[in-house]
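*Asks:* Got chain A; can you put chain B on it based on the hints?
Chain by chain, the residues:
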Amino acid sequence: DTEVTQTPKHLVMGMTNKKSLKCEQHMGHRAMYWYKQKAKKPPELMFVYSYEKLSINESVPSRFSPECPNSSLLNLHLHALQPEDSALYLCASSQDSLAGDTEQFFGPGTRLTVL
Amino acid sequence: SQQGEEDPQALSIQEGENATMNCSYKTSINNLQWYRQNSGRGLVHLILIRSNEREKHSGRLRVTLDTSKKSSSLLITASRAADTASYFCATDARYAGGTSYGKLTFGQGTILTVHP
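As given, the protein sequences belong to chains A and B, one line each in that order.
At position 103 of the first sequence (counting the first as 1) the number is 103 in the working numbering, and the numbers step up by one without a gap.
Going from the second sequence to the working numbering is simple: count from 1 and add 115.
If a hint is listed, it holds; no wrong ones were tucked in.
Coverage of chain A stretches by chain B, computed from C-beta distances (three or more under 8 Å per stretch; other residues unrestricted):
| id | region |
| --- | --- |
| 1 | 29 to 39 |
| 2 | 42 to 48 |
| 3 | 82 to 96 |
| 4 | 102 to 109 |
Rather than coming from a laboratory, the hints here were simulated on the basis of the structure.
For clarity, every value in this text was computed on a predicted model and none was experimentally measured.
We put the beta carbon where it would ideally sit given N, CA and C, even for glycine.
Here chain A stands alone, though its shape is the one from the complex (with noise of 0.2 Å):
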């Protein structure tokens, strides 16, 4: 299975909503992604866990909360979000962030919309 699942395909919240974002990986990779894409713009990244531990975090607003349970999974949790905030949420996966020179595995995305 090579393959980066993410649910739901589409999301439409209120900003004083609680949702979240799922994504799966069944590659036996120990690194996961998530990015934030606008319309027309490039993915910028948000977040990197390595080895189910936060390693980066991009300075994003607290108001999006990532979750790693464990090495096949990664959450997104949404609170309090502002419309500036809709966007396609993507979801990535790697064999190890830290061993250098390896693809990232992309999921289809969320289309998040903010009301």
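*Replies:* Same frame as chain A, but now just chain B:
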């Protein structure tokens, strides 16, 4: 901040023609990667070139890397309508001691349209 700059921003060609996209970056890198994205969905990895490599081929793809100029190019030969997509370069920065943290920085992307 995004260190990669790509040109052209958009490229429109006919099937069978070659497409060349360029990427420039600013910092020392471990490797440079190219990804394709269809219609705002997930990215697909195309090719990775290490900092000590100058050229790499994969099927109809040819990538060059010039670390002295901090630039790379992606050539797609004999293009097909199915190649229509956005193409991004991404750099894996090199930190002290040659460490990589898997932290990819993406360029602005080139939108390629291949007309049948």
